[in-house]
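K.L.:
Residue numbers (numbering that gives the first Met the number 0), protein chains in the order written: chain A, 0 to 77; chain B, 0 to 107.
Errors might be hidden in some of the hints.
Only pairs whose alpha carbons sit at most 30 angstroms apart, straight line, appear in this in silico DSSO-like list of lysine-lysine [stated by the list, open to error]: (1) Lys104(B) with Lys13(B); (2) Lys104(B) with Lys43(A); (3) Lys70(A) with Lys77(B); (4) Lys22(B) with Lys43(A); (5) Lys13(B) with Lys70(A); (6) Lys63(B) with Lys77(B); (7) Lys43(A) with Lys77(B); (8) Lys104(B) with Lys22(B); (9) Lys63(B) with Lys104(B); (10) Lys13(B) with Lys43(A); (11) Lys43(A) with Lys63(B); (12) Lys63(B) with Lys70(A); (13) Lys22(B) with Lys70(A).
Which stretches of chain B does chain A cover? Using the computed rule of at least three CB atoms under 8 angstroms from a CB of chain A, they are [to be verified]: (14) 15 to 25; (15) 59 to 72.
Derived by calculation from the structure, the hints in this document are not laboratory data. Since we're looking at a predicted model, the values are computed, not measured. In this text, a Cβ means the ideal position worked out from N, Cα and C, and glycines have one as well.
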Amino acid sequence: MPPTPEAIAEMIRHSIPDAQVNVQLFSGDNHFEMEVISAAFADKSRIAQHQMVYAALGDNMRQAIHALALKTATPADS
Amino acid sequence: MSDSVLEQIAQVVKENDIVLFMKGTPEFPQCGFSQRVSATLSSYNIPYAAVNVLLNEAVRQGIKDYANWPTIPQLYVKGEFVGGCDIISEMHENGELEELLAPLKKEA
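Here chain B stands alone, though its shape is the one from the complex:
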């Protein structure tokens, strides 16, 4: 694993308030879990960045080391790892996700 990939990932996470690493794109997700999280995020009507890890094998593997998290999708908000599909779905259902994203809506 080259450090430059982890640096690239850190840069993307830093530059975007909300960034989702996923398989495919929000328009054409290529995995059910990525589809679920991107649909959930899109429902908040807040712009977010999406990185299609299928386009870059180094990023696809590197993102797992970056957060010590072995699965994709992964959501980052304000530089912090928030979780994968199970955690995001739970936070969406119990209102935590709205709380987390609401401040970003005003800035947008």
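So that you can see chain A by itself, here it is in the shape it has in the complex:
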């Protein structure tokens, strides 16, 4: 069973406490799009920023979440 958008947002906030998370389904029940804004992304490459988000989702990324369109930004960018 894929997680709900709310559950995904909760996982992100658990490992990136200041994160502002905007997540919704865009197709079916396991294709998500998400924007994450956090000061923790400052001075990190885009790859590193996305890796932080993927790490927060753990094994969900391998199994339950079929697709995730992801945007990351810092509060200064947004």
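Given chain A, put chain B in place with the hints provided.
P.N.:
Frame of chain A; chain B shown alone:
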């Protein structure tokens, strides 16, 4: 996960200046994200290698460990992991991808 798969992947990444790990082929992509990235790359008219991960389950899983990146497609240029669909699309739109690929065009 056997190390030999990671070694195989490392070899492919080393031997090809531009290599895209994708689902399907540039001619017949089998996933919307792979389709988008291969179409973007093809628009630069620079030859690139494409690996269809659907043909080999070990590679399909191994590539996720190789770059510590859980999704496919994945683009590598000159041995470096560049990103997946979201990052490539952003780099295409802001001109970074052209900058990255331009030097390879002259060599081709």
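K.L.:
So, for every hint listed, does it hold in this structure?
P.N.:
Now the hints, each set against the structure:
no., hint, verdict
1, Lys104(B) with Lys13(B), "18 angstroms, holds"
2, Lys104(B) with Lys43(A), "29 angstroms, holds"
3, Lys70(A) with Lys77(B), "25 angstroms, holds"
4, Lys22(B) with Lys43(A), "29 angstroms, holds"
5, Lys13(B) with Lys70(A), "29 angstroms, holds"
6, Lys63(B) with Lys77(B), "19 angstroms, holds"
7, Lys43(A) with Lys77(B), "21 angstroms, holds"
8, Lys104(B) with Lys22(B), "25 angstroms, holds"
9, Lys63(B) with Lys104(B), "28 angstroms, holds"
10, Lys13(B) with Lys43(A), "25 angstroms, holds"
11, Lys43(A) with Lys63(B), "20 angstroms, holds"
12, Lys63(B) with Lys70(A), "19 angstroms, holds"
13, Lys22(B) with Lys70(A), "22 angstroms, holds"
14, 15 to 25, "violated (count 0)"
15, 59 to 72, "holds (count 5)"
The structure fails hint 14 only (numbered hints given earlier).
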